[in-house]
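Can you make the complete structure from the sequences, with help from the hints?
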Amino acid sequence: MTWYAFYGALEQGFVYGLMVLGVYLTFRVLDFPDLTVDGSLPLGAAVSSVAITAGVNPYLSLLYAAAAGFAAGMVTGILNTKFRILHLLASILTMISLYSVNIRIMGRPNMTLLGKPTVLDALTGLGLPPYLASTTLFGVFGLVAMAALVWFLRTELGQTMIATGDNPQMITSQGVNTHTVIILGVGLSNALVALSGALVAQNQGAADVGMGVGTIVAGLASVIVGETVFGCRTVTRALIAALLGSVVYRLAIALALGLKFGEFSFTPSDLNLITAVLVVVALVSPNIKRRFRGRA
Amino acid sequence: MITLADVVKFFHRGTVNEVLALNNVSLEIARGDCITVIGSNGAGKSTLLNCLAGSFFPDSGTLRIDDENITTWPEYRRAKFIGRVFQDPMRGTCGAMSIEENMALALKRGMRRGFSLGVKAADRERFRAQLRALDLGLENRLRDRVGLLSGGQRQAMTMLMATLVRPRLLLLDEHTAALDPKTAKQILDLTREIVERDRLTTLMVTHNMHQALDFGNRLVMLHRGEIILDVRDAEKAGLTVQDLLERFYTASGERMESDRMLLG
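Order-wise, the sequence lines are chains E and Z.
The working numbering puts the last residue of the first sequence at 296; the count rises by one with no breaks.
The working numbering puts the last residue of the second sequence at 560; the count rises by one with no breaks.
If you're looking for bench data, these hints aren't it; they were derived computationally from the structure.
Nothing here was measured: the structure is a model prediction, and the numbers come from that model.
The C-beta atom is built at its ideal place from N, Cα and C for all residues, glycine as well.
Among these hints, one or two may not hold up.
What the hints assert, rightly or not - Derived BS3-like pairs (lysine-lysine); straight-line CA-CA distance at most 27 Å: (1) 376(Z) x 82(E); (2) 416(Z) x 481(Z); (3) 404(Z) x 478(Z); (4) 404(Z) x 416(Z); (5) 376(Z) x 404(Z); (6) 82(E) x 404(Z).
As the list claims (entries may be wrong) - Derived contacts from chain Z toward chain E, CB cut-off under 7 Å, selection only: (7) 388; (8) 401; (9) 405; (10) 414; (11) 418; (12) 546.
The following block contains the structure:
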C-alpha cells in the first residue's frame, strides 16, 4: 500500500469514525439496531452542502447537519416507542423517507461543492497538503467526539442510557422513562452520523443522495472489528475501539482493493458484499466457538 | 396510606382466553403495614402487585398513594414512591454495569438525572458501608460488573437498591422463590432487617405459607381475583398452616393445591 493510500484510509477511518461512534451508541449501548443511518448520512451531507452554497459558514453548516440528523433519529425513536413499531422497521421507514427528503433538500439527487468554502480551508491555508489537512482535521473531530461520548456515558443521563439498553425493566423501576431515553439516544446517534456525512461531503466536494447506501453495514463492521482487535471491557475502551475499528476497517478495505489474484481484483462496488460477509462471520463466530468449546 | 378501590383487571378481554385477574379488589394499606399475599396459581397475587407498580392500568377502579390518585400514572412515574424487587434476580440490577454504577442509579430513583457525574466520589463511602452490612464481601468489589455476581448477591443488591431512597411502598414479588433455600433465607432475613429498620410499608407476594405466616403483621389471601382472607396483628400471629388451609377451604369451597405452597 502506498503512503497516499494509507493516509486516505486513515482519513476515511476518522471521518466515518463519527458515524461508527453513532452506530455504537444505538447498536451496543441502546441495543437498538438502527438503519436510519443510511439516510441520515446523506441528510447531513445535503444539509451542509445546501447551507454552504447559501453562504453559511462551513462550521456552522455542521451544526445544522447534526441538528437535522438528531431530528431524523428522533423520528425513528418516536415511531419505535410511542407508536410501538419494531425498531428495525421504524428505522427502515425513516431511512426510506429520508431518500425523498434529501432530494427535496438539495432540489436534485446530487450537488457539487467545488470552489465553495469548506472546513478544510483553514488547514490548507496554513500550507498543509490537502491529504494531511483532512486526516488531521478528521482525526481531531473523531477524538473530540469520542472524548465527549466517554464523558457523556459517565453522566447520570448517560448511565441511564446504558441501563436502558441493558435492562429496561430495572431502569423503569428506578423512575426513568425509557421512551425518552431511547428517543434522545437514537437522536444523538444520528446527529453524529449526519455530522460524519457533512464532513464527507465537504471533503469529497459533493453530496449525493446515494452516498449512504451500506452505511449501517460499514458501521457494524467497524464496531465489531474494533471490539475484536481492541477489546470492549469497559465503555471507554469500547468507544476507543469503535473509533480505531473504523480506521482498521478502512485500512483493511484499502488493502483488499489493492489485492490481485491473477486476472481478478476487487472493485469498490464489491465492498458491500465483502463487508456484509465480514459482519456475518463476526456475528456467527462466537456461537461456533462456543459450540466447539462445549463439545471439547 | 395506599388505597385500592374496586380494582378490576381483565386479561385478553373479549377473547376466548379472557381471564378476570382482579375482581373488584379493594384494599387499604396503612402506613407501616407489612402484608404478605398468598394464594394458589392464577389467584391474582402478581397481578395485584404489578397493578400497584404500574406495569399495566386497571380496567376500572382507582389507586391512591397518600391522597394522590395514581391510577393512570405510568410505571416510571410511580417509581418515585415505589421500590420493587422481582422474582428473577437478573431483572432488578443491570448486569453490564458495575456495582457502584447500579447503586448510583438507584440513589436517583424518581429524581431528575442530568449531566453531573453518575457515580460521585462522595457517595462511594456510603455505598461501601451499605454493602458491608450485607456481609457478602461486595464492599471491596465496587467496580466489578454486576453480571459477575451470583443470583443471591444480585437479589441482595436489588433489595438494597429498592430501599436506598426510602420508598412509600416496597413491593416484593416472590423475591426469594428463584433462590436456593439457604440464600432464600438470607435474603428474607435481610428483607426483614431493612423493613423493620426503616419501618417500610411492604407488600410481599409469596408461595410459601410458612413465610407468609412468619413475615409481616398482616396476611391477605387471594382466590380467583378476590380477597378471601385479610387478617392482621394478633389474629395473624395465632394462625397456623392448618388454619390457613381450613380458612381457604371454607372461603373458597375448594381444596388448596397445597404441596407447592407448603414446600415452596
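Here's how the hints hold up against the structure:
| no. | hint | verdict |
| --- | --- | --- |
| 1 | 376(Z) x 82(E) | holds, 22 Å |
| 2 | 416(Z) x 481(Z) | violated, 33 Å |
| 3 | 404(Z) x 478(Z) | violated, 32 Å |
| 4 | 404(Z) x 416(Z) | holds, 12 Å |
| 5 | 376(Z) x 404(Z) | holds, 9 Å |
| 6 | 82(E) x 404(Z) | holds, 25 Å |
| 7 | 388 | holds, 6 Å |
| 8 | 401 | holds, 5 Å |
| 9 | 405 | holds, 5 Å |
| 10 | 414 | holds, 4 Å |
| 11 | 418 | violated, 14 Å |
| 12 | 546 | violated, 38 Å |
Violated hints, in rising order: 2, 3, 11, 12; the structure is consistent with all others.
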